[in-house]
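Peer 1: Sequence:
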Amino acid sequence: MITFSKLDNVKQTAAEMRRLVETYAGDIGALANLPFIIYYKLICALPYVNDPRGVETVSRPAFLLDPDYRPRDCDDKSILLAAWCRCNGIKCRFIASSTRKNRKLHHVFLQLENGIFADATYKRFGKTPFYYDYFKKITKICPISDFF
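Numbering of the sequence shown is given in numbering that gives the first Met the number 0, commencing with residue 0 and proceeding in unit increments.
Any given hint could be a false lead.
[Unchecked claim] With beta-carbon atoms standing in for the labels, derived distance ranges: (1) 135 <-> 103: 12 to 22 angstroms; (2) 32 <-> 136: 18 to 28 angstroms; (3) 22 <-> 135: 30 to 40 angstroms; (4) 141 <-> 47: 36 to 46 angstroms; (5) 32 <-> 90: 29 to 39 angstroms; (6) 54 <-> 98: 20 to 30 angstroms; (7) 67 <-> 113: 14 to 24 angstroms; (8) 41 <-> 101: 27 to 37 angstroms; (9) 101 <-> 28: 13 to 23 angstroms; (10) 99 <-> 28: 36 to 46 angstroms; (11) 113 <-> 51: 17 to 27 angstroms; (12) 53 <-> 32: 17 to 27 angstroms; (13) 29 <-> 136: 16 to 26 angstroms.
[What the hints assert, rightly or not] Below, in silico cross-link-like pairs of lysine to aspartate or glutamate (EDC-like), each with a Cα-Cα straight-line distance of 20 angstroms or less: (14) 90 <-> 55; (15) 10 <-> 55; (16) 90 <-> 112; (17) 103 <-> 72.
These aren't lab readings, by the way, just hints derived from the structure by calculation.
For glycine and all other residues, C-beta sits at the position ideal for the given N, C-alpha and C.
With the hints as constraints, model all of the structure from the sequences given.
Peer 2: Encoded structure:
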């Protein structure tokens with residue numbers, strides 16, 4: 000069953016992302032047994048597809064793991080990483096950021112409780128979740144959820 004909720008701002012989106020992780024983390028099944036870096040690379044390899052113009056979507060992990068499922072953008076890949084963390088008892092939170100001059104938030108990634116950032120969105124992140132060149136360009140960064 001697919002449900003739809005109107006997501007008007009980053010806080011609403013973050014709350015829905017967290018709900019999806021807390022409710023459906025088990026969707027990742029045996030993938031939860033993989034070491035994080037192997038799971039991370041699997042999520043990096045999933046095709047990135049933008050949300051439809053003017054619409055913010057987030058989905059449960061079962062849908063996002065289907066290689067043919069669309070859309071799948073930064074918030075969706077963050078949900079998948081957070082689901083692994085949830086299944087493995089590792090606290091994490093969602094972080095929003097901007098690299099734009101106007102500082103408008105446009106990107107979401109994960110922060111693990113130990114402070115490590117993990118972003119499975121861009122191909123350049125595929126080798127390691129600890130890619131910091133992106134972070135040099137950030138003009139605004141803010142947590143959009145508590146650790147959970």
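Peer 1: Output the numbers, in ascending order, of every earlier hint that fails for this structure.
Peer 2: 2, 4, 5, 7, 9, 11, 12, 13 and 14
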